[in-house]
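**Student:** Letter by letter, the chains look like this.
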Amino acid sequence: MKKRKMKMTAALLAAAALLVSGCGAGQTKTDADVDRQVEASLSAYGQEAANVPEDEQQAANGQEAAGQSEVHAEAGGQEAAQEDVLVLAYPKDLGDMNPHIMASPMYAQDWVYDGLTALVNGEIVPELAESWEISGDGKQYSFHLREGVKFSDGSDLTADLVRKNIQDVIDNKDGYTFLQCLEEIESMDVPDKTTLVMHLAHPCNSLLSDLSFNRPLVIAGEAAFPESGNIYQDGVKKPIGTGMWTVEEYVQDQYTLFARNPYYWGEKPAFSYVRVEVIPEIETVVNALKAGEIDMYIDVNDGLSADVYRELEGLGFSVDMAEGTQVTSLSLNTAGEILGDVSVRQALSWATDNTVISEMVYGGLQKPASSYFADSISLAQTGAGRYNYQPEKAVWLLEEAGWKLEEGRDYRTKNGAELEVDMLYDTVFKNGKTIGLVLQEQYKNVGVKLNICEEDSQIFRKKWKEGDFGMILYSSWGGSYEPFATLAAMRTNGDKFSTVQKGMENKEELDQVMNHALRETDEEKLREDFAYIMDSFFEQAVYIPLTVSSTLAVYNSSLEGLDLEGGKDVMPVGSVKRKQ
Amino acid sequence: MRGKEQDLQQQKIKEQTAKAQAVIERTAKAQAAKEQTAKEQDSEEIVCLDKIKISLKEREKRFCAVHGVSFSLFRGRTLGIIGESGCGKTLLCHALLDLLEKDKWEVEGRVCWNPGFSVRDVGMIVQNPASAFDPRMKLSGHFREMAGVLGLSRRKITEEALSLLYRTGIRDPKRVLDSYAFALSGGMLQRVMISLALLGKPKLLIADEPTTALDITTQWEILELLGELKQEYGISILLVSHDLKVIQSMAEDICVMYAGYVVEQGPAEEVLTAPLHPYTRGLLASRPSYSKTQIQAMEGCPPGIRDWILGCPFAPRCGYTRETCHKDCPPLCNWGKENTGKVHRVRCFLAGKGERT
Amino acid sequence: MKNYLQRKLLGMLPLLFLVSAAAFALVRLMPGDAATAYLNAMNAPITEAALHKVQKDLGLDKPVVVQYGIWLKQALSLDFGLSYMTKRPVIDELMLGFYYTAVLTGSAVVWIIVFSLPLGIMAGRRPGSFMDQFIRAMTFLGSSIPSFWLGFLLVEFFSLRLKLLPVQGAGTLKNILLPSITLACSYLAMYTKMLRGGIVEHSGGTYVLYARARGLKRRTILWRHILPNALNPVLTSLGLSLGSMLSGAVIVENVFAWPGMGRVIVRAVAGRDYPVIQGYILVIAAVYIVLNLGVDILCAMLNQRIFTEEET
Amino acid sequence: MIHRILEDKICRFCLVFLLIFTCAALFAPWIAPNDPNEIHYTARFAKISWKFPLGADYMGRCILSRLLYGARLSLGSAAGITIASSVSGTILGMISGYLGGRFDRIFMGVCDAVRAFPGMVIVLVFVGILGTGLLSLCLGMMATRWVWYTKVARNLTRAERKKEAVLASVMAGSRMAGILSHLIFPAIRMPILAIATLQFGTALTALAGYSFLGFGAAPPSPEWGMMIQDGRSFISTNPSMLFWPGLCILMVVIAANILGDRIQEISEQVRK
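Residue numbers (the working numbering), protein chains in the order written: chain A, 120 to 699; chain B, 15 to 371; chain C, 22 to 333; chain D, 405 to 676.
Here chain A stands alone, though its shape is the one from the complex:
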């Protein structure tokens, strides 16, 4: 007996030794690797912030100097100031941070780059442009840039640079058919260092809002431009912007460390570092929150379910919620072979009860939506009626359309073909599945079969572009994209939005009206246009509005100062600080 014990212990000891040695090796390697990553990332995004000419430091006011010294201090090791790092999570990797392409996560582009204007509470406010005049005929805009704005590498913001950036986007405008201003801008000239004048072909209602997007019309520093001067094509050299944060350290697929931009023109953030962990699965994010590995999660992708939100709230996490301007809705493929029939579309509209979705999926956190555009978009608030939940009408319409329910079958058929519709949604839209389940139930009641198709973002966009779907579930752009950019995108040969409307009988006329609306300066006429647009959307049941999205945030109760209202930033962590 004793003997065996001895043997066992011996064996286990040996084993333990093995393990330690093994993992030890792994461990050291890991570190080495991380270092390598860091170097790589730093060489990629070389941080000039640390070595700025002396005089400029003098010039910078006390606060800035403080930030400066911090950068110096922290450059060595961030571990020293763990307190000073705010840890967030985001499902996707940072990517190449190209300011003129919509590939990198929006929050990051918003943090690092600024546009000329910004949108706060539905109002266009100055950002890099302090003020602007619009000529009477609305064809000439002259912007006056903010004084003394510096990029994170210390270089100055000049009107030339602004023009260079905008020109780069204009040169590649094929990708941005939803930016009407790119069409209209004929020329730009720079009378002086801080003034930029744009000459337009026609008046452009969307110009100011287009400029407020956090991509692609944002201003990158000189250091960002490759030799060719074409960021869009040849990629960004260094992500240098005027934004609140700068990319300090980036390890692909693991995390990004943002450092406070010492030259930021606005109010400095309280934290000097923000660390964004890449965590693809929402469940893991929640666990990480519970385990205190991340301080805060701001849910911009509608990934957090109401149940979990409530659970975390119950566990003593601080939570915050702001009703957004995005509307989650179904776009029915008017060119599809089944949904091409308007009565089927109307039937589906009648059969959809979005209050249930608001309750079941979002636990009341998101209100049912009334139209494709959020209520805050006053222009879109026309008399257009709405479909409320009346399944019997749906049944009647379907019967009329010849979709009969045979004995012993769950779903309607029309000369042999089953009445089934594919619902397509992006895989990051985690609640899409639940919504799908609810809709499946509701449509089953009227004899329509719904297939839930989750697709990766790439494929999702592809299918959307090619019109290869029954209905699409997504949240409208909201913010300053509404209404004009969306209209622009809905036009034929516009962005993927247009494919949905291909089958509308009055599509040509609709296009004309939209184009008109984009240029019409007269308030009254504009409203008429919108009335027409919204009515035809309604009559032909192109969109089924579901809920008005709301941004959720869950964070450690030791933090305070998060302000989701206003929706200027995608992830407004600037004001967040630790409680004293």
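These are calculated hints, taken from the structure and not from any lab test. Please note: incorrect hints may appear among the correct ones.
Distance condition first, Cα-Cα at most 25 Å in a straight line; then the derived PhoX-like pairs of lysine-lysine [stated by the list, open to error]:
1) A:Lys-356 with C:Lys-108
2) C:Lys-77 with A:Lys-409
3) C:Lys-74 with A:Lys-582
4) A:Lys-584 with C:Lys-77
5) A:Lys-292 with A:Lys-621
6) C:Lys-94 with B:Lys-152
7) A:Lys-292 with A:Lys-523
8) C:Lys-77 with B:Lys-170
9) B:Lys-43 with B:Lys-259
10) B:Lys-215 with B:Lys-170
11) A:Lys-523 with A:Lys-512
12) A:Lys-292 with C:Lys-108
13) A:Lys-211 with C:Lys-83
14) A:Lys-698 with C:Lys-184
15) B:Lys-215 with B:Lys-152
16) B:Lys-75 with B:Lys-43
17) C:Lys-108 with C:Lys-94
18) C:Lys-74 with A:Lys-584
19) A:Lys-563 with D:Lys-455
20) C:Lys-83 with C:Lys-108
21) C:Lys-108 with A:Lys-582
22) D:Lys-555 with C:Lys-29
23) C:Lys-195 with A:Lys-584
24) C:Lys-238 with A:Lys-409
25) A:Lys-211 with C:Lys-195
26) B:Lys-43 with B:Lys-71
27) C:Lys-238 with B:Lys-118
28) D:Lys-555 with D:Lys-567
29) B:Lys-71 with D:Lys-413
30) A:Lys-584 with A:Lys-211
31) A:Lys-387 with A:Lys-409
32) C:Lys-74 with A:Lys-292
33) A:Lys-292 with C:Lys-77
Covered stretches of chain C, as calculated for chain A (at least 3 residues, CB under 8 Å) [to be verified]:
34) 278-289
35) 305-312
Some, not all, of what chain C presents toward chain B, calculated at C-beta under 7 Å [to be verified]:
36) Tyr-25
37) Tyr-228
38) Arg-233
39) Ala-234
40) Asn-324
If you're wondering where the values come from, they're calculated on a predicted model, not measured in any experiment. Backbone N, C-alpha and C define an ideal beta-carbon position, used for all residues, glycine too.
We have chain A; now place chains B, C and D onto it with these hints.
**Tutor:** Just chains B, C and D now, with coordinates in the frame of chain A:
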């Protein structure tokens, strides 16, 4: 080419005949030696087995494989155990060294070592040497690992090994030590095993079928070797074999086993010249020899371990049975002329009456 | 020895060739042509001109065989082209993940050794004993638990309840523990069983008996004779397992947000990122083949017989 | 040989166990208390009750009913994969082993190549080609699994090939098919059966794993792996959603493993 081969063939044959010749002479010598040793009555006893009874455990059941065998081994003498395979010879050896797994075998009776002797003084040689060595360990390793057991330094061991190997007729001990078991011939390995056994300076050498797996010529060489070693180191040998010739050439005492019973036991010359038990006779009769014109083989085969034996185990194959033979098992009773000190035992009701009927 | 190695190495080449061809073909079977995929990934509008340009750039206008040739030639210099999705060289993408996956697999193997060795021995020493039965039951349990399920339970218990180990991420020793254990668990049973079988089998061998006859202690016999022999098959199949682990770690990586190859490949497949998929298949296959070659050689070194047989 | 399996206590136990699950799957429509996909808005996370014997999930769907119907998908497809790959693999292996020579060598090379492929990716590639869904999963898994049978069958066949009986009938000029089916197959079926049983277990787990990764059956079909994935968010609030499907998989796989293991032992005993 062909011619060469034939030459080789003939040469081989010559060699063999020469060997055989030598062997015959040697056996004669051995005979003489035997008489010589037989003279000295008071050779000391090493170990004595007392009514060893080995039975196979199967849950509650017990199957007796060896029935109360007892014999003694004397210094410098060779005891030959002969019997068909499966008659319990090997078991006996293992019991002697107590190698039997306790949870499989049940051993009754005593193995009593006389003062000054112990299991440590026993070397063992097993049959088919090829499988007796660890395939992934060099032979030198096998020697070296004895260091722990014998309490000698590795260098010492190696030196010993080399000399022993040389002694046992291996001309290039270094190479052998440095090679793996599967690289050597059976004869070689047997020699290696012998020297490995001798390493511990044993007083008793248990040779369990030492020659079975070898071809005929090497067999004789090995036996020769054993004989010499015996002379040289004065060790006694427990030679186990199913081959009468082998026993005959070596043993001074013979113990004939059948189906786990000792059926006849006694000095070699008596047992071989005047066998008492019909089985022994059978064996002798079935042995080939120059004089014989034809060999009579025995019919039938020995009972298996699980077969229930009533009466004399040999009865079914015996030529001269009476009904008693089938009823109860005859005891192992002394026999033989009192003038020689050697007792001659036999397990038969009609011991020696064989010729009469 | 030398010619043995040569034969092994030569035997490897056609294998790799086959694999590469298959990898190329497989991915070509994917629906939708690469050019559009590329443009989609670029998030650029799909126009005829653009398509033609891309096809020229990616050499998609050439006949398939030529494409394969070019691809293979580049692949030999570890150049699998650019990832459609991230625009980074595929090899970088892969190596990034590969390193972490390798660490994970490596530590899993360590666990396997750590557990299966003592367990196997304990079970094999006394076959049929209570210990044996018990270990057997345990290993069966371990090998049958779905890895993700186990992962959840471990996280819930160690990370959230006890707050001992991190939930996600990589880098520190603590991070490795849970994933590697989860990964190892399903392989434990197999190896414990194998080892047990080997020990039982070899304990009955003549040379063990003979060793005991020579008066060697049971323990010495176990460690010096039985174990080395019993470990031989274990080693061989460890090579096989390593390969399957490398690719099988995907689920575990998903559960623990481990930045390994699994994440890369799942993303790539979901986004039809052909170059990455091809590269991945080729890299894994190559690693697998090389690993097994290594194991073969190792075994051969431990077991001289192979060579002698080769020579004769 | 089969009777030896049936005689064995352990085997019998496992078989009965698996049989129960199979029946549950077959008779799901009659056993299940509710429609597996019907949403009860009021019954979200319902506790165990007569209406919901194992409670209800986050959409108020009866977990038991989903498990029962899920058994059809999970067990069915796992069995399908196993049977298909074992049959094809065995036949190929036997032929290759029987013919031997160059063909055998080349074919084995191919097998090694297939084996060298990362099984995971093959499945994912199939998913990429055919779109997500159980079918593409199954095909993808078959595409790599047959190799294991081939190897074993081939080696065993080569061993059998040398036996007198086979040689004799070859001499007698009987057809390959005949020899394979009448002489060789009976001799090698036990090990194959053992592997198949073990593979059934792994197939089940693997399937669950893939649907867990989101490549499996489309919602709302109650595939076990997907049920686990659904339950993932609620592990701490409503563990039962995660627990029950996991338990089902675990039990079936254990039964399969033990059975396969036992069969292996028996076949070894028989060979001795």
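**Student:** Confirm or reject each hint.
**Tutor:** For each hint, the structure was consulted:
1. A:Lys-356 with C:Lys-108: holds (14 Å)
2. C:Lys-77 with A:Lys-409: Between Lys-77 of chain C and Lys-409 of chain A the Cα gap is close to 51 Å, so the pair fails against 25 Å, i.e. violated.
3. C:Lys-74 with A:Lys-582: holds (22 Å)
4. A:Lys-584 with C:Lys-77: holds (23 Å)
5. A:Lys-292 with A:Lys-621: Measuring from Cα to Cα gives roughly 22 Å; hence the hint holds.
6. C:Lys-94 with B:Lys-152: Answer violated: Lys-94 of chain C to Lys-152 of chain B is near 47 Å, above 25 Å.
7. A:Lys-292 with A:Lys-523: violated (48 Å)
8. C:Lys-77 with B:Lys-170: Cα-Cα ~79 Å, so violated.
9. B:Lys-43 with B:Lys-259: Holds - the C-alpha atoms of Lys-259 of chain B and Lys-43 of chain B are around 16 Å apart, at most 25 Å.
10. B:Lys-215 with B:Lys-170: Satisfied, since the Cα-Cα distance of roughly 14 Å is no more than 25 Å.
11. A:Lys-523 with A:Lys-512: holds (14 Å)
12. A:Lys-292 with C:Lys-108: holds (21 Å)
13. A:Lys-211 with C:Lys-83: Cα-Cα ~35 Å, so violated.
14. A:Lys-698 with C:Lys-184: Distance ~24 Å between Lys-698 of chain A and Lys-184 of chain C Cα, so the pair holds.
15. B:Lys-215 with B:Lys-152: holds (22 Å)
16. B:Lys-75 with B:Lys-43: Not OK: Lys-75 of chain B and Lys-43 of chain B at ~50 Å, beyond 25 Å, violated.
17. C:Lys-108 with C:Lys-94: holds (21 Å)
18. C:Lys-74 with A:Lys-584: With a Cα-Cα distance of about 20 Å, the restraint between Lys-74 of chain C and Lys-584 of chain A holds, given a limit of 25 Å.
19. A:Lys-563 with D:Lys-455: Distance ~23 Å between Lys-563 of chain A and Lys-455 of chain D Cα, so the pair holds.
20. C:Lys-83 with C:Lys-108: At roughly 22 Å apart (the allowed maximum being 25 Å), Lys-108 of chain C and Lys-83 of chain C satisfy the hint.
21. C:Lys-108 with A:Lys-582: Holds, at about 22 Å.
22. D:Lys-555 with C:Lys-29: holds (19 Å)
23. C:Lys-195 with A:Lys-584: violated (45 Å)
24. C:Lys-238 with A:Lys-409: Distance ~55 Å between Lys-238 of chain C and Lys-409 of chain A Cα, so the pair is violated.
25. A:Lys-211 with C:Lys-195: Holds, at about 24 Å.
26. B:Lys-43 with B:Lys-71: violated (46 Å)
27. C:Lys-238 with B:Lys-118: holds (20 Å)
28. D:Lys-555 with D:Lys-567: The given pair, whose Cα atoms are some 19 Å apart, holds under the 25 Å limit.
29. B:Lys-71 with D:Lys-413: Cα-Cα ~23 Å, so holds.
30. A:Lys-584 with A:Lys-211: The given pair, whose Cα atoms are some 23 Å apart, holds under the 25 Å limit.
31. A:Lys-387 with A:Lys-409: violated (29 Å)
32. C:Lys-74 with A:Lys-292: Between Lys-74 of chain C and Lys-292 of chain A the Cα gap is close to 18 Å, so the pair holds against 25 Å.
33. A:Lys-292 with C:Lys-77: holds (23 Å)
34. 278-289: Three-residue rule met by the region 278-289 of chain C, so holds; n is 5.
35. 305-312: With 0 residues close enough to chain A, the hint is violated.
36. Tyr-25: violated (16 Å)
37. Tyr-228: holds (5 Å)
38. Arg-233: Constraint on Arg-233 of chain C satisfied, holds at 6 Å.
39. Ala-234: holds (4 Å)
40. Asn-324: holds (6 Å)
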